Amino acid sequence: MSADDIYHDALVRLSREATGAGRLEAPGGTAVVDNPLCGDRVTVDVRLEGGKVAALAHEVRGCLLCQASAAILGRLGPGSTGEEIAAAREGLVAMLDGAPPPAGRFAELAVFEPVRSVKSRRRCAVLPFEALGEAIARAGR
Amino acid sequence: MKPELLSQLLADVEQKRSVVLCTDLASGAARLVHPYAPEAGVDPALVAACREAADADRSQKWDGPGGTVFLRVFHPPVRLVVVGAVHIAQSLGRMAQLAGYDVLVVDPRRAFATEQRFLGIPLSTEWPDEALKRIGVDRRTAVVTMTHDPKIDDPALVAALRSDAFYVGALGSKKTQEARRERLRRQGFPEAELARICGPVGLPIGAVSPGEMAISILSQLVEKLRKPAGSKPA
Chain U
402 MSADDIYHDA LVRLSREATG AGRLEAPGGT AVVDNPLCGD RVTVDVRLEG GKVAALAHEV
462 RGCLLCQASA AILGRLGPGS TGEEIAAARE GLVAMLDGAP PPAGRFAELA VFEPVRSVKS
522 RRRCAVLPFE ALGEAIARAG R
Chain P
2 MKPELLSQLL ADVEQKRSVV LCTDLASGAA RLVHPYAPEA GVDPALVAAC REAADADRSQ
62 KWDGPGGTVF LRVFHPPVRL VVVGAVHIAQ SLGRMAQLAG YDVLVVDPRR AFATEQRFLG
122 IPLSTEWPDE ALKRIGVDRR TAVVTMTHDP KIDDPALVAA LRSDAFYVGA LGSKKTQEAR
182 RERLRRQGFP EAELARICGP VGLPIGAVSP GEMAISILSQ LVEKLRKPAG SKPA
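Chains U and P are the protein sequences, given in the same order. For the first sequence, the working numbering assigns the number 402 to the initial residue and increments by one for each residue that follows. For the second sequence, the working numbering assigns the number 2 to the initial residue and increments by one for each residue that follows.
No lab work stands behind these hints: they were computed from the structure. In this text, all values refer to a predicted model and were calculated from it rather than measured experimentally. By construction, the Cβ of each residue, glycine as well, lies at the ideal position given by its N, Cα and C atoms. Take these hints with a grain of salt, some might be off.
Computed Cβ-Cβ distance ranges for the label pairs, DEER-style [said to hold, decoys possible]:
1) P:Lys175 to U:Leu438: 23 to 33 angstroms
2) U:Ala508 to P:Arg197: 23 to 33 angstroms
3) P:Arg187 to U:Leu438: 38 to 48 angstroms
4) P:Lys134 to U:Gly541: 41 to 51 angstroms
Pulled a few chain P residues facing chain U out of the computed Cβ check, cut under 7 angstroms [stated by the list, open to error]:
5) Ala27
6) Trp63
7) Arg110
8) Arg111
9) Pro151
10) Lys152
11) Ile153
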């Protein structure tokens, strides 16, 4: 499968939805994570309440995979705990490495299954999760 | 030259403002005129003459109503923004600096944009549209893209086309150029604007190595600067 094939409809749709795109006015934590090899850059603002994500926003400069992943987080992130986000991230990484897609709330991450075969693009899908994880850690301090 | 005049001139040079020192050849009286932001109350004919000399980047005499005035043009250095911290950029950056231009290499891919690879050359890991917005692209700025990644090159070209940049170049084969033109067309750029992009970039001298390609690009840049289409050579 070539790099072009991974851009299927579901990913294009997600990136267009861009759920959560923007900045928060008074974030509890902010993180900027980039991929030094491709230049993708994700900025995530998060506000926690009772240990769960109350609000999150993301600014993505990057490829379609990165945008689609951020849109999923924009929709499924609110209401999650830091542990749930970390588990979703691990599930995504494992899936990209060949494991079955994660079960439960983040089952939608199966849209990234085609990316398994293009190793150089795997991190693009994970980047928003890295940024959210770091933002949550900073908000918790 | 009076000390106050010299101070003002030095301030303009330091703050990168174009300025023309106008000296009456008979009396020696001198004044400064900012051709792109003229002061109120200056003879419009003098401003126009200064503007013409500045646009041509050529100091020259002007026969004004009060006599002959020598217009000495002071411009900030020409700026070259290279988008893509790639091999050609390593040569092009250094050569452009040797030619007296201010250089900025922009590439959000931190693995490429390292100080070790670009010793002595200003670097930025911003996305190109962010960098171009921050520095402000004007008529004395050239922009050349060479990341080979449309994700990064396209925003740079869009920003450059929306500006007065005197030279907009894009590395890439004829096939790549056509695909790019099509993408920019769909973003609403008319043909006349797309024609501003020099692509494949560089004079057709058969350049093979990154160094040779840098020479061909720099030569084309100088040509665009000194012999803009439809005007006399500067």
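Just to be sure I understand the hint, the distance between the Cβ atoms of Lys134 (chain P) and Gly541 (chain U) should be within 41 to 51 angstroms; is that true here? 34 angstroms, violated
Using the Cβ atoms, figure out if Ala508 (chain U) sits within 23 to 33 angstroms of Arg197 (chain P). Given about 49 angstroms between the Cβ atoms, the range is violated.
Against chain U, run the beta carbon of Lys152 (chain P) and see if the smallest gap drops under 7 angstroms. Where the cut-off is 7 angstroms and the nearest Cβ of chain U is about 6 angstroms from Lys152 (chain P), the hint holds.
So does Lys175 (chain P) sit 23 to 33 angstroms from Leu438 (chain U), Cβ to Cβ? 28 angstroms, holds
Using Cβ atoms only, decide whether Arg110 (chain P) comes closer than 7 angstroms to chain U, and label the hint accordingly. Hint on Arg110 (chain P): holds, closest Cβ of chain U at ~4 angstroms, below 7 angstroms.
Using 7 angstroms as the Cβ threshold, decide whether Trp63 (chain P) counts as touching chain U. This hint is violated: Trp63 (chain P) lies away from chain U, its Cβ roughly 48 angstroms from the closest one there, beyond 7 angstroms.
Tell me if the interface restraint on Ala27 (chain P) is satisfied: Cβ within less than 7 angstroms of some Cβ in chain U. 59 angstroms, violated
Grab the minimum C-beta distance from Pro151 (chain P) to chain U and call the hint holds if it beats 7 angstroms, violated otherwise. 10 angstroms, violated
Using the beta carbons of Arg187 (chain P) and Leu438 (chain U), state whether their distance is inside 38 to 48 angstroms or not. For Leu438 (chain U) against Arg187 (chain P), whose Cβ atoms are near 28 angstroms apart, the range 38 to 48 angstroms is violated.
Status of the Ile153 (chain P) interface restraint (C-beta, 7 angstroms, chain U): 6 angstroms, holds
Evaluation of the interface hint that places Arg111 (chain P) against chain U, nearest CB under 7 angstroms: It holds, given that the least Cβ distance between Arg111 (chain P) and chain U is near 4 angstroms, below 7 angstroms.
When held up to the earlier numbered hints, the structure conflicts with 2, 3, 4, 5, 6, 9 and fits the remainder.
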